[in-house]
Structures are given as C-alpha cells and as structure tokens.
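S.K.: Going down the list, the protein sequences come from chains A and B.
Throughout, the numbering used here is defined as the position within the first sequence, counted from one, plus 1043.
Throughout, the numbering used here is defined as the position within the second sequence, counted from one, plus 101.
Everything labelled a hint here was simulated from the structure, so no lab data went into it.
All values derive from a computational prediction rather than experimental measurement.
Watch out, some of these pointers could steer you wrong.
[As the list claims (entries may be wrong)] Taking lysine-lysine and the DSS-like style, the derived pairs with C-alpha atoms no more than 25 Å apart in a straight line are:
1. B:K433 / B:K283
2. B:K372 / B:K329
3. B:K408 / B:K390
4. B:K147 / A:K1252
5. A:K1297 / A:K1252
6. B:K372 / B:K283
7. B:K234 / A:K1245
8. B:K234 / B:K182
9. A:K1245 / A:K1297
10. B:K234 / A:K1252
11. B:K188 / B:K234
12. B:K530 / A:K1252
13. B:K158 / B:K530
14. A:K1243 / B:K433
15. B:K530 / B:K510
16. B:K205 / B:K147
17. B:K364 / B:K408
18. B:K188 / B:K222
19. A:K1297 / B:K433
20. B:K510 / A:K1235
21. A:K1287 / B:K124
22. B:K234 / A:K1241
23. B:K124 / A:K1252
24. A:K1243 / B:K222
25. B:K155 / B:K219
26. B:K205 / B:K155
27. A:K1241 / B:K124
28. B:K205 / A:K1287
29. A:K1245 / A:K1235
30. B:K258 / B:K289
31. B:K195 / B:K158
32. A:K1245 / B:K124
33. B:K155 / B:K217
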Amino acid sequence: MSRGLLFSFIFHGFVIFMTALTLPFMLREAVDLPPIVSVEFIEITDKTNIPFAPKAREIIEKVKKEDKRVVSEQAPPADKAKEKPDRIPMPEDKKEIKKIVKKKQNPEEIKPQIRQTSEFEKKELFDPDQIAALIDKAKEQQAETQKKADKLTQSSVKNSFARGLSLSEEDALRAQIFGCWSVPLGLPYDEKLLVRIKLKLKQDGSILKSEILDHERMNTPGQSFYRVLAESALRAVRICQPLKVPPTGYERWKDLQLNFDPTEMLKG
Amino acid sequence: MKKVIIIFLFFILSAGNASSLIKVDITRGNLDPLPIAVSPLHIDMKSENYKSLKEKKLGEEISKIIEKNFKSTGLFNPLKKNAFVQKPDIAHLKPRFEDWRLIKAQALVTGKILVKDKKLKVEFRLWDLTAAKEMAALSFTTTPTNWRRVAHIISDKIYERLTGETGYFDTRIIYVSETGPKDQRIKKLAIMDQDGYNTKYLTLGNELVLTPRFNPTNQLVTYMSYFKNMPRVYLLDIETGIQEVVGNFPGMTFAPRFSPDGKKIIMSFAKDGNSDIYSMDLETRVVEKITDHSAIDTSPSYSPDGKYICFNSDRSGLQQIYVMRSDGTQVKRVTFGKGLYGTPVWSPRGDLIAFTKVHKGRFYIGVMRSDGTGQRLLTENYYQEAPSWSPNGRVLIFYRETKTDSKGKGFSAKLWSIDITGYNERMIKTETDASDPSWSSLLSK
C-alpha cells in the first residue's frame, strides 16, 4: 500500500515536473517562430541572386568592422545576463563560448562573410531570454556546418536556413502538376475540398512514398467525392513523376507536401 | 538536469524543422477528358455456345455501349481499340499496367460474360493504371435480352467511381413524338433509353399530349392530354400501363410536375382567367392553392428538399422567375435580366435552377444558382425550350425546333442535351421528331 502510494507520488511528481518544465518551452517556441517564417518567403534562387558588387562588399566590410567594435564593447554585460537565470547551468554556456572563441582563433577556416553572420548571431546573445538565444546559437551552428559542407554563398546559406523552395522553383513544380491533374467534375461547391498529400522523394524527383493526410475522410459516408478527389490528386502526382525539383539541395525537398484545392477553379 | 534540457532543445529544434516542411498549393488542374480503355468483354470458357459468333459479339457490343456512354459525357476519352496491348481475357485477370500506360490510358475496364441456363452473367473490373490497382469490381446476373441495361449499369458504376457523382446512363427519357405536317401534327407519348434505343409509344395519337414528367422516385409519369378540347392531368404507370385522370378541373390546367417525394403534383391552374399555382396530394386528392395573385403564375418546380418552389410570373410586368417557400410565403424575385424568363426547373442536386430565356427573338437555355446569382446561358438558338435535368443534375435535355422556310418546309423538332459546363452539346437521335423531354430517375438504385 505504502509502496503504491510512493510510486503514485513519484509518478505524479514526475508528471507535474515535466509539464512545469515543458510548457514554458512550448510557449516560447510558438512566440519565437513567426519572425523566422517571415524571412522565408522572399528568397529567390541562387542563380537569380545578384552577386555582391565590389563596392558594396567594401561598404559591408566597413559595417562589419563597426559591428565588431560594438560587440566587443557590449560583451561584458552579456556575460552578466547569462549568469542570472538558474535553469541553464554555467558550464554549458562556457563551453559554447569557448567553441566560438576557438573558431575565432582559427581565422583561416572562416571566411569574413561567415564571421559577419556569427557576429549578428552573437548580438542576439545579449537577449536576456536565454533559451531563444540558445536556439539561435544552435541554428547558427547548423548553418555553419552547412556552409562548410556546401561552400555556398551567404544568401543561399540563408536560403537553406529557411528550408523552403524559392518562388521560381515552386512555380516550376506547380506548373508541372497543374498539367497532370485532371480535376473530377462531380465535386460539390459548398464542401471543403482540400487534399493534402505528403511525399517522400528520390534524388531524381520520382516518388518513394506518398500518403494522403486526411485519409480517414475518404471512407466517411456522404463524402465519396473526397475519395475521388484524393485519388485524382494522387494520380496527378504519379503521372507527373519525376517531379521538377531543383537539382541541388535534396535534403530540403526530400519531404514535400502538396495541397490540392480545386475550390478556386470550380468557382471560376 | 543538463541532459533533460538538451533533450528538450532537440525536441524544439526538430519540431521547428517539421513545421518548415515544404508545402506547395495546387489550385488548378486541367479539365481534359480522362483517357480510358474499355477492353471488349470476353466469353467465359464455361459458357454455352462458347464459340458462337453471337455471344462473341455481345461482349463487343457491351463494351461499345459503355464507350458511347462515356464519350457522350465529355468527361472521358475512350481510346481506340486497335491500340490495345493485351487480350481481353488476360487483361481481366491482371493487366500489365506499364503496357497500358504506354498508350496513355489512365483507367481500364475489363470484363467477362457467361451465358448459362438462359441467364446472362456479366462481370467487370475497373483498374487504376497509374496506381496499378483495382478500383471496382462487380457482377450482374440477368436475362440475356437485358444486355443493354447491363451495359448502362456498368457505365453508371464506373462513372460513379471516377467522378464521385451518381451516373445517369441506366435511365429513360419520355417525350412527345411528333409526326405529320406542322399544322396537323400527330403527337404521341414515347419513351426510350437514355441513348435513344428501345423506343416505345405509349399513346395512340388520337389525343393531343403535352408536358410528360417523370416521378423522381419511381416509374410513374404525369402528363397533360386534351380530351374533348378540355385539358386534363393524367397519371400513367409505365410498368403496368394503367392511366388515370388525376382530377377534373373546370378551367385550364398546365405544366404538372411531381414533388421530390413523388407524393404530390404541383401545377398551374387557370380559373376565371387568372392562373395560380396549386398542389395536389395524390393519396388524399386534396387540392391546395399556393399562390394567390392577379398575375399569371405558371411552371412551378419544387426544390429537391421540398421546402421551396420556383415558378415564373408576370407580376412585375414581364415574365420573370420567382422563388417562394412551399407554403406560398416569402415570394422573392430572383431574375432581373432583360428579356423573358420561363420554365424554371430545380436541379436534383439542389444547387442550380435551369431556365429558358427569350431575348430579342432568340431562345437561350441557362442555369443559375437558386438565389438568381451566377447566371450562365449555356446555349442559344432560334427556338428551344423545356429543359429537364438528368438525375444527377449534370446534364440538361431540351428540345429545339428549326425554322420553317418560305415553302413551309424544313421544320423539325429534335432533342438535345448539354452539360452544365455548356461545352458538351449533343443531339439525341429519335425515331420521329420530338419535344418536351423528361428524364427519369435511375432504374436500378
């Protein structure tokens, strides 16, 4: 009996502890996401990006130097800010700082462009909200590894950051599927007609796996049109393959979701 | 503690990644007809007279009817048989999908027939060639003389599976057959299959018949006939051939039509020179007056839920279409266009009302939403009238008359069909001239 009670206490204590611990994280994550998303949609393909003009580069480098100064001046208060909250223990932070320092000590490895972004990221470390800072730092590291691997330009690094397709890439894919999709005509006008298909793609754009996300609706009585619609969408994807995906960046688009919605077409 | 935080960090990061899954919206597609291959049905080895030519032909004929039905919808493109890559019997077991895809087919129909003990057994399979799987499979047993209907039922099942709406091939059309010179027309009631075959005449032609209408729930027909120069509303059971007069009205009755549940007839009825709309319960024979207005109210038609009635009226000066509740309240004018609007018919789907419009001497058949918005004129001609819906609300059938030339010749009246997109207009072959068509509900449900 007492043992059971003990287990109960431990279990409930654990549950309360977990919720207390996880919920704020979740909240903060939701709040942090929007600004990241807003950056995603404006990107253009590598090819269409205008390379830095020599003059512009000079100006940017000047700005960078100024930034450095700013960083070094403001550095001490940042350390203080880190000490305040109890949640994240000091040693870890120190380690991470060390890592950055190490990188700085090895200037041959890092191009000036990369240093620029890292300075920007460093700025964000001043944010008293430590978790957000940590997330950004993790992203920075992620970005850095990608930079090293791909040797991409600065802007395209940001692009892969966003993990999306650029407008022109998306348009090419969309136009291709428009041509393959025979829209069934018996669809009702006043029902929700969205079919979401999740795809796993091979390197060449052919389909490894396809899945209809709302498949339970396909067998709902009175919704037989939905099965027909979903099947027509699947057929379109299959006829179209290999899909017109960008030649590079397989990691970005290997998982793809297509949202088929003929509502606009039926109304027009 | 540190580990826990790291785990949570990973969790947050991975969650962030998952939400940035690339999503592409596909909002447009093409409306090209779907390429479909209809393989001839093969004869089962166990069949009687296995090698007889007649039965071999039957399989081919059935596949031809299916093809013709599909072609008439405008939604399918049946592929030519000489491009087929596999024998019908082998394809029926399991088609080689890649080979069929080569001829650009997206769907394949295969089948088999078996004649034994004077019974005809037909089975078919529908294959999705791009997904390489079977979509539907059914078999029917019937008497061999019924083979045309089997072909229509198969067409319906495939149509349903591929478009998501019910079919309309296993249906019949009742119409007024017209023969003789224009001033001395002999009008008979006639019925035929939806594709123009199996025509039968239901009346002798000694009385004038008008406006036959099918009961949407069974094979009962209401029509008007002049008896001793008095118009009367009749009921005719097609299966038994029994006719009866619905009621003796002292004045003029026009345009009878069934309610969606088939239990009432709604019509216009002229009394003391003013016509209003009346409904009549077929069981109790109680007549109820629905509109009471000094203007001429005619051509009533129920909405499929039975709650509303659309009709035309000249209460605004010119003939326009109105909608009201089925008890006669909340009368609302829905058409405001130039010209005259008439013969409104509510679609069995409930979303549209079909009508005839007359403007500057030309006749149009059109559709609009039940509130009068989204008006679309589908076809325009010298004289055309009386649209009637297919049971799935996708196709309209109507009749069109051609002009008589100065010598009094060249006049004809033919049945035409058009789907609600307005692109697929077809003439339906009839043995004689024809007018006032009405489409039945599905014979098999």
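S.K.: State for each hint whether it applies.
M.R.: Here is how each hint holds up against the structure:
1. B:K433 / B:K283: Violated, because 39 Å separates the two Cα atoms, which is more than 25 Å.
2. B:K372 / B:K329: Within the cut-off at roughly 19 Å; holds.
3. B:K408 / B:K390: The hint holds at about 16 Å.
4. B:K147 / A:K1252: violated (42 Å)
5. A:K1297 / A:K1252: Given pair A:K1297, A:K1252 holds - Cα atoms ~11 Å apart, limit 25 Å.
6. B:K372 / B:K283: violated (30 Å)
7. B:K234 / A:K1245: holds (22 Å)
8. B:K234 / B:K182: Given pair B:K234, B:K182 holds - Cα atoms ~21 Å apart, limit 25 Å.
9. A:K1245 / A:K1297: holds (7 Å)
10. B:K234 / A:K1252: holds (16 Å)
11. B:K188 / B:K234: This hinted pair holds, its Cα atoms lying about 18 Å apart.
12. B:K530 / A:K1252: violated (49 Å)
13. B:K158 / B:K530: holds (23 Å)
14. A:K1243 / B:K433: Not OK: A:K1243 and B:K433 at ~54 Å, beyond 25 Å, violated.
15. B:K530 / B:K510: holds (20 Å)
16. B:K205 / B:K147: violated (34 Å)
17. B:K364 / B:K408: Roughly 14 Å separates the two Cα atoms, so the pair holds.
18. B:K188 / B:K222: holds (20 Å)
19. A:K1297 / B:K433: violated (56 Å)
20. B:K510 / A:K1235: violated (54 Å)
21. A:K1287 / B:K124: Cα-Cα ~15 Å, so holds.
22. B:K234 / A:K1241: Between B:K234 and A:K1241 the Cα gap is close to 20 Å, so the pair holds against 25 Å.
23. B:K124 / A:K1252: holds (16 Å)
24. A:K1243 / B:K222: violated (44 Å)
25. B:K155 / B:K219: holds (14 Å)
26. B:K205 / B:K155: violated (32 Å)
27. A:K1241 / B:K124: holds (9 Å)
28. B:K205 / A:K1287: Cα-Cα ~20 Å, so holds.
29. A:K1245 / A:K1235: At roughly 31 Å apart (the allowed maximum being 25 Å), A:K1235 and A:K1245 break the hint.
30. B:K258 / B:K289: violated (33 Å)
31. B:K195 / B:K158: Holds - the C-alpha atoms of B:K158 and B:K195 are around 23 Å apart, at most 25 Å.
32. A:K1245 / B:K124: holds (17 Å)
33. B:K155 / B:K217: holds (14 Å)
Hint violations for this structure: numbers 1, 4, 6, 12, 14, 16, 19, 20, 24, 26, 29 and 30, all remaining hints satisfied.
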